[in-house]
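*Asks:* The chain contents come next:
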Amino acid sequence: MASRAVAVTGIGIVTSLGQGAEANWQKLIAGESGIHRITRFPTDKLRTTIGGSVDFLLEQPFSATQLSFALARTAAAEAVAQAKLGAAGDFPGELFLASPPVEHEWPQRVRLDRQAPGQPHTYAGMMSAAAQAGEDLYVDFLNGTIADKLADEFGTKGSPITLTTACASGATAIQLGVEAIRRGQTKAALAIGTDGSIHMEALIRFTLLSALSTNNEDPTKAARPFGKGRDGFVMAEGAGALVLEDAEAARARGATILGYIRGVGEAADTFHRTRSNPNGEAIIRAINNALGDAGITPDDVDYINAHGTSTPENDKMEAFGIQAVFGDKAGQVPVSSNKSMIGHALTAAGAVEAVISILTLQHQVLPPTINHDGPQDIPLDFVPNEARPADVDLILSNSFGFGGQNVCLVIGRNPD
Amino acid sequence: MTREVWITGQGLLSPLGQDLETTWAGLHDPAAIAAAADTGFMPPFTIFPASLPPLDKFVPKRGDQRAMGPLMLSGCVAAAMAMEQAGLLGAAPEVLKQVNLMVGVGGGERDEKVDETILAALNGIDDGNMLAEQLQTELRPTLFLAQLPNLFAGNISIVLGVSGSSRTFMGEEAAGVDAVRVAFERIQGSQADLFLVGSAFNASRQDIPLLYQAGGYLLEDPARPFWQRPKAGMCLGSAGAFLVIESRESAEARGAKPLARLSAVLNDRCRRDAGQASANAAREWAQVAPKPGCAVLSAATGVGPVTAEEHEFLLARVTGPEQAQVRPTAPALGHSVECAFLTNLVLATKAVQEGKLFPALTADPVEAAPARDFDQVVVTTWGHRRGEGLALVERI
Chain L
1 MASRAVAVTG IGIVTSLGQG AEANWQKLIA GESGIHRITR FPTDKLRTTI GGSVDFLLEQ
61 PFSATQLSFA LARTAAAEAV AQAKLGAAGD FPGELFLASP PVEHEWPQRV RLDRQAPGQP
121 HTYAGMMSAA AQAGEDLYVD FLNGTIADKL ADEFGTKGSP ITLTTACASG ATAIQLGVEA
181 IRRGQTKAAL AIGTDGSIHM EALIRFTLLS ALSTNNEDPT KAARPFGKGR DGFVMAEGAG
241 ALVLEDAEAA RARGATILGY IRGVGEAADT FHRTRSNPNG EAIIRAINNA LGDAGITPDD
301 VDYINAHGTS TPENDKMEAF GIQAVFGDKA GQVPVSSNKS MIGHALTAAG AVEAVISILT
361 LQHQVLPPTI NHDGPQDIPL DFVPNEARPA DVDLILSNSF GFGGQNVCLV IGRNPD
Chain P
1 MTREVWITGQ GLLSPLGQDL ETTWAGLHDP AAIAAAADTG FMPPFTIFPA SLPPLDKFVP
61 KRGDQRAMGP LMLSGCVAAA MAMEQAGLLG AAPEVLKQVN LMVGVGGGER DEKVDETILA
121 ALNGIDDGNM LAEQLQTELR PTLFLAQLPN LFAGNISIVL GVSGSSRTFM GEEAAGVDAV
181 RVAFERIQGS QADLFLVGSA FNASRQDIPL LYQAGGYLLE DPARPFWQRP KAGMCLGSAG
241 AFLVIESRES AEARGAKPLA RLSAVLNDRC RRDAGQASAN AAREWAQVAP KPGCAVLSAA
301 TGVGPVTAEE HEFLLARVTG PEQAQVRPTA PALGHSVECA FLTNLVLATK AVQEGKLFPA
361 LTADPVEAAP ARDFDQVVVT TWGHRRGEGL ALVERI
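Residue numbers (the numbering used here), protein chains in the order written: chain L, 1 to 416; chain P, 1 to 396.
It is worth saying that the hints were derived from the structure and are not from the lab. Glycine residues also receive a C-beta, built at the ideal position from the N, C-alpha and C atoms. Treat the hints with care, since some could be wrong.
What the hints assert, rightly or not - From the structure, some residues in chain P lie toward chain L, with a derived Cβ separation under 10 Å:
hint	residue
1	Ser51
2	Val105
3	Ile118
4	Ala120
5	Asn123
6	Gln147
7	Ile158
8	Gly161
9	Ala174
10	Val182
11	Arg271
12	Glu394
13	Ile396
To be verified - Cβ-Cβ distance ranges computed for the label pairs, FRET-style:
hint	chain 1	residue 1	chain 2	residue 2	range
14	P	Ala286	L	Arg4	22 to 32 Å
15	P	Thr117	L	Gly118	30 to 40 Å
16	P	Asp127	L	Phe56	20 to 30 Å
Unchecked claim - Calculated pairs, PhoX-like style, for lysine-lysine (alpha carbon to alpha carbon, straight line, at most 25 Å):
hint	chain 1	residue 1	chain 2	residue 2
17	P	Lys356	L	Lys45
18	L	Lys228	L	Lys187
19	L	Lys187	L	Lys221
20	L	Lys157	L	Lys221
21	L	Lys45	L	Lys221
22	L	Lys149	P	Lys231
23	P	Lys257	P	Lys356
24	L	Lys316	P	Lys97
Can you make the complete structure from the sequences, with help from the hints?
*Replies:* Spelled out as structure tokens, the structure:
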């Protein structure tokens, strides 16, 4: 059970739909898609040519590190401004950042290779060129750099955490912040999920796993979570940021509380590197752990913000897990996937979706699952195609990662 | 009210040996240390490679062996060793559901041969369509999975059945410290009981030295005295290091024997203006307040000037009332970045049980304190660029 209630006092978001909570919310409830044709690199030879890239923040060229930082910084600035906590550049709490792993990309390798004396097209040659290549070839490709720069800019305290649990990362960042506040270790935390890693190699890697939609014709129709014609996820970029606070401290300073992180739960799957155990054990355990941590039962849940990636496998297993936990009542709990509109922002997804859950609580409107048409094979209420007003007090938000990392959050309008 | 945290399992692979005992013996053997350094892999630089033990004991399935490269295999083997000592290897699923996995690692594996093949095809030209063709011909799905850092932990879950949770921290040296720190804090704060924590590092892959060389950190002349090197002062070394840590209540309920007590894990960062790192370390030292005569295992990287600053900090604790006995480990093992702190925690657990250190590795006064029995070991990690961590390991 939670020892201290954890409040959310600031949110920030950037997705393929746009920048800021208000802009994103309007498009989400209008059922708009942010998915478009990729123009960042040539796609003539690729099987997937669409994505939810964020092209409005930086001028090209940029690396995944630079875009992931810009996304995180933009979302964090919005969240911190809303929370009105601490002075500018002096955030009185710890930083938990979910960000994609980084490494040299092809432009850097080609640049080094061009400068390689004597031994072209080899690592030995690139090594000879490296020392003169410029500090940016080092700093921008350290995994700790994004958090380090955010810590400098926002003045967070302590050792800034960078983490990855694949597609559950954003939720893990929130979970770590919640745990630290509950322990009384910090009164506040800045939890961020960011991902700006749509580059050619990343897209091809996911293609080779047959994970991506190849429904290129109409990009806005490609992401079809829980729909019968779903054929894979759509890679996307974005960031979500939340200011988490000890609820008592937030009330004491007169902060406006947007919602509460009521429960966190996780479970690791030991079955396979990309597939869930067909018995759904780890998904069910993660959901039950989150509900148990919040001290609630399935009957209390008003809405599920699904992981809903639009892959045949995830959506089947997630629906199976929901049916197992919610039993006869599964059909009565609305379930929708934000990814139908914004795509799958991978490392950022859990945090982006937590922000959208907070907006759902504030507005008392459920964002839809778009592209939900034709015959269905899963008998759940997916809030098809149109947003729906509803009384929402408690939301279950699911995040499930490749590699078996499952994290669920319970987000509520009230502290208990 | 905080709870006592015990170390109940340890696993180590290092350039000096395929397990903790061989590594510990090697630290006493100058010939073994000299033999561990490899100057032929990437001249003029020195690295300290490590070799894997036979895999069949800990990673019996061929499919699992093929799904991992040396980095992930080192982690898996070191994790299995720690679990075996803690009595968790092959435990029932109900027990393994209680084990939380926390790791600090860098990127996953890359296939350098594939990179070189593609570079040759591109021939110095940023041609997107050519790159697309090459990547689609050369990349393999299994390769991609090995490239995901969270699959380092994912593979441990799959091979060893650990299913409580799985969290991966990134960010060079600090990632290793934070993985242990968060596990430690969650046990102390009664949020969880039982953790498998660890890391690994593979110096024998060219993309990683390339990154650090781009920053200008790799040592060219191994004759430079360890504590007084320029910025280009680092030799990378491979490692795999894991611990099982748990609440005293958990260990007693399981009947697990404590190897040592983990009494503190602290970490902080600064921009590294002059004196800032020392101020962080001094604050952490004061908070932990080790007893006079304690031992210190330093994960100093060799990178100047921060190694010289750490040297000054440590020397003051050798000559001052703390009367500390200091050993750096990088001169014998190389620097294993994310794994450096974990490696030294495993060695600290061994040292505190032995009550004595291995012989001095440098001729510097910082290692010259007379040997005396101790029951506390302080582990310090000053990252090559960021992060100042400290832990205290005590004899039970």
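*Asks:* Could you run down the list of hints and mark each one as holding or not?
*Replies:* Status of each hint after checking the structure:
1. Ser51: Cβ of Ser51 (chain P) sits 21 Å from chain L, so the hint is violated.
2. Val105: 9 Å, holds
3. Ile118: 8 Å, holds
4. Ala120: With a minimum Cβ separation of about 4 Å from chain L (threshold 10 Å), the hint on Ala120 (chain P) holds.
5. Asn123: 7 Å, holds
6. Gln147: 7 Å, holds
7. Ile158: 5 Å, holds
8. Gly161: Since chain L brings a Cβ to about 5 Å from Gly161 (chain P), closer than 10 Å, the hint holds.
9. Ala174: Check passed: Cβ of Ala174 (chain P) comes within 6 Å of chain L, closer than 10 Å.
10. Val182: The hint holds - Val182 (chain P) has a Cβ within 10 Å of chain L, the shortest such distance being about 7 Å.
11. Arg271: Interface hint status for Arg271 (chain P): holds (7 Å vs cutoff 10 Å).
12. Glu394: 22 Å, violated
13. Ile396: 24 Å, violated
14. P:Ala286 <-> L:Arg4: 22 to 32 Å: 28 Å, holds
15. P:Thr117 <-> L:Gly118: 30 to 40 Å: Violated - the Cβ-Cβ distance for Thr117 (chain P) and Gly118 (chain L), about 19 Å, lies outside 30 to 40 Å.
16. P:Asp127 <-> L:Phe56: 20 to 30 Å: 27 Å, holds
17. P:Lys356 <-> L:Lys45: Violated. Lys356 (chain P) to Lys45 (chain L) sits at ~63 Å, over the 25 Å cutoff.
18. L:Lys228 <-> L:Lys187: 46 Å, violated
19. L:Lys187 <-> L:Lys221: Roughly 43 Å separates the two Cα atoms, so the pair is violated.
20. L:Lys157 <-> L:Lys221: Violated - the C-alpha atoms of Lys221 (chain L) and Lys157 (chain L) are around 43 Å apart, more than 25 Å.
21. L:Lys45 <-> L:Lys221: Holds. Lys45 (chain L) to Lys221 (chain L) sits at ~21 Å (cutoff 25 Å).
22. L:Lys149 <-> P:Lys231: Holds, at about 22 Å.
23. P:Lys257 <-> P:Lys356: 21 Å, holds
24. L:Lys316 <-> P:Lys97: 24 Å, holds
Against the hints set out earlier in the document, violations occur for numbers 1, 12, 13, 15, 17, 18, 19, 20.
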